[in-house]
Amino acid sequence: MKYLSALTATVFAIAIWQTIVSLTGLPKFILPGPALVAETWWQNRWLIAEHTWITGIEVVIGLACGTVLGVLTALQLASSRVARVLVQPMLVFTQALPVFALAPLLTLWLGYGLWSKVAMAVLIIYFPITSSFFDGLMRTPPGYLDLARTMQASPRAILWHIRIPAALPSLASGMRLAAVYAPIGAVIGEWVGSSQGLGYLMLLANGRAKTDLMFAAMLTLGVFSIVLHMIIRRATARMAGEMR
Amino acid sequence: MIPAPDLTINGTATIDGVTLFAPLTLTLAAGQWTCLLGGSGVGKTTVLRLIAGLETGAAFAGEITASDARPVTERVSYMAQDDLLLPWATVAQNITLGARLRGEKPDLGRRDRLIERMRLQDHIAKKPSELSGGQRQRVALARTLMEDRPIVLLDEPFSALDARTRADMQDLAAEALQGRTVLLVTHDPGEAARLGQSIMVMTQHGLMSCQSPHASAPRRVDDLETLETQGALLRLLRDEAA
Numbered sequence: 001m002k003y004l005s006a007l008t009a010t011v012f013a014i015a016i017w018q019t020i021v022s023l024t025g026l027p028k029f030i031l032p033g034p035a036l037v038a039e040t041w042w043q044n045r046w047l048i049a050e051h052t053w054i055t056g057i058e059v060v061i062g063l064a065c066g067t068v069l070g071v072l073t074a075l076q077l078a079s080s081r082v083a084r085v086l087v088q089p090m091l092v093f094t095q096a097l098p099v100f101a102l103a104p105l106l107t108l109w110l111g112y113g114l115w116s117k118v119a120m121a122v123l124i125i126y127f128p129i130t131s132s133f134f135d136g137l138m139r140t141p142p143g144y145l146d147l148a149r150t151m152q153a154s155p156r157a158i159l160w161h162i163r164i165p166a167a168l169p170s171l172a173s174g175m176r177l178a179a180v181y182a183p184i185g186a187v188i189g190e191w192v193g194s195s196q197g198l199g200y201l202m203l204l205a206n207g208r209a210k211t212d213l214m215f216a217a218m219l220t221l222g223v224f225s226i227v228l229h230m231i232i233r234r235a236t237a238r239m240a241g242e243m244r
Numbered sequence: 001m002i003p004a005p006d007l008t009i010n011g012t013a014t015i016d017g018v019t020l021f022a023p024l025t026l027t028l029a030a031g032q033w034t035c036l037l038g039g040s041g042v043g044k045t046t047v048l049r050l051i052a053g054l055e056t057g058a059a060f061a062g063e064i065t066a067s068d069a070r071p072v073t074e075r076v077s078y079m080a081q082d083d084l085l086l087p088w089a090t091v092a093q094n095i096t097l098g099a100r101l102r103g104e105k106p107d108l109g110r111r112d113r114l115i116e117r118m119r120l121q122d123h124i125a126k127k128p129s130e131l132s133g134g135q136r137q138r139v140a141l142a143r144t145l146m147e148d149r150p151i152v153l154l155d156e157p158f159s160a161l162d163a164r165t166r167a168d169m170q171d172l173a174a175e176a177l178q179g180r181t182v183l184l185v186t187h188d189p190g191e192a193a194r195l196g197q198s199i200m201v202m203t204q205h206g207l208m209s210c211q212s213p214h215a216s217a218p219r220r221v222d223d224l225e226t227l228e229t230q231g232a233l234l235r236l237l238r239d240e241a242a
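Line by line, the protein sequences are chains A and B.
Just so we're aligned, residue 1 is where the first sequence starts under UniProt numbering, counting upward by one.
Just so we're aligned, residue 1 is where the second sequence starts under UniProt numbering, counting upward by one.
Please note that the accuracy of each hint is not assured.
Claimed, not checked - Some but not every residue of chain A turned toward chain B, in silico, with C-beta under 8 Å: (1) K2; (2) S5; (3) A9; (4) T140; (5) G143; (6) D146; (7) L147; (8) I162; (9) P165.
No lab work stands behind these hints: they were computed from the structure.
Predicted model, so just to flag it, every value in this text is computed and none were measured.
All C-beta atoms in this analysis are idealised placements derived from N, C-alpha and C, irrespective of residue type, glycine included.
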């Protein structure tokens, strides 16, 4: 049923797209139709696959690093009042900075290669991971904490045996958000400076008025993000279900 | 188990300068069930939480002492209306939670005896969400007993259960907690009448000691004197509220 409705929605979207193309009669370098994009995608499938692979590596490394960093930060914030006073405002401030503005700086510092894109992905997911896990850690049902105190549990034991497991569903929702954001981060990084990746391919195709290839790359990125989101969703299902 | 002490709480509590309860003295007799009965908001749960050493949101001026002059809070175990079972842990893991939190090795033999005593053999590996309300409270009781503390604080632990399960749990708890100093906070006059070896009614005007029935607790649900006591307690609660 879920797949059927997804398929219906896809067909519907393509129909609207085709209708617009037919009604307006726009030239194909402005708005290519679905059939042309599909054909271009097939002709360039190896090229697109190669660039998707690059972006994929950036995203996966970024996700892993961002999650680890976010989890560690949240744990630190949750267990230390001093850390909350010092670090929390900084965290919000960094989130207020437009990531686009930081991209050139990261390229300057980390070069044109993989790591500046990984850093972009990390930057963009760090906040959602940290804040969702931190919220979860601070919202432990008070009854559990009362019980643990009457059992003479140390703060460390309470954190490990009660607060962390109780916060896993929050972390899971943060990770699901991150799965959607991380590809955006990597692509922004590629736009600012790179010679590989889907972001690079989009920019290149756009510059040469190969709008059909640009569409093919963009749709590939979309599908990639959806698949990633589904994988992370599946992987965190147990975490999210723990509180039921 | 260490012999259970008498326990006395003596003092007054205020919230933001407003009196929650006026100066009172409540003594829990060693090895006996004391039922603290009262309506909502009179501070009976606060009394229990003070003894447990938990956050109450109220400022307490006074003292809580045990007859053997040893510290109180590390000798209590606590059971609330919400069973407080960790949803991600199995029944067996929930029962041994205290040991895990203290970094001790749980006494598995004792755990298994309690599982048997609470008739939970078929549920050891289940998660709390797979259990009924009564089963969950039996796990909570097993967890409480696992702690093996001389002082047991019960904060309306049976009030969310249906009538039959509640009566079963009252019997089970009365039997299992024998010999410990028990404080049962409840708003159910019937429960106080069945279980209390000493029954105290807490109202805005302070504490009142009430005559408990002569039969030994847990009293039969249809014991005449118990039913009369239940009626008298309810009348008292209503008169106080009026």
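Review point. Hint by hint, which ones does the structure fall short of?
Key: Of the numbered hints, 1, 2, 3 and 4 do not hold.
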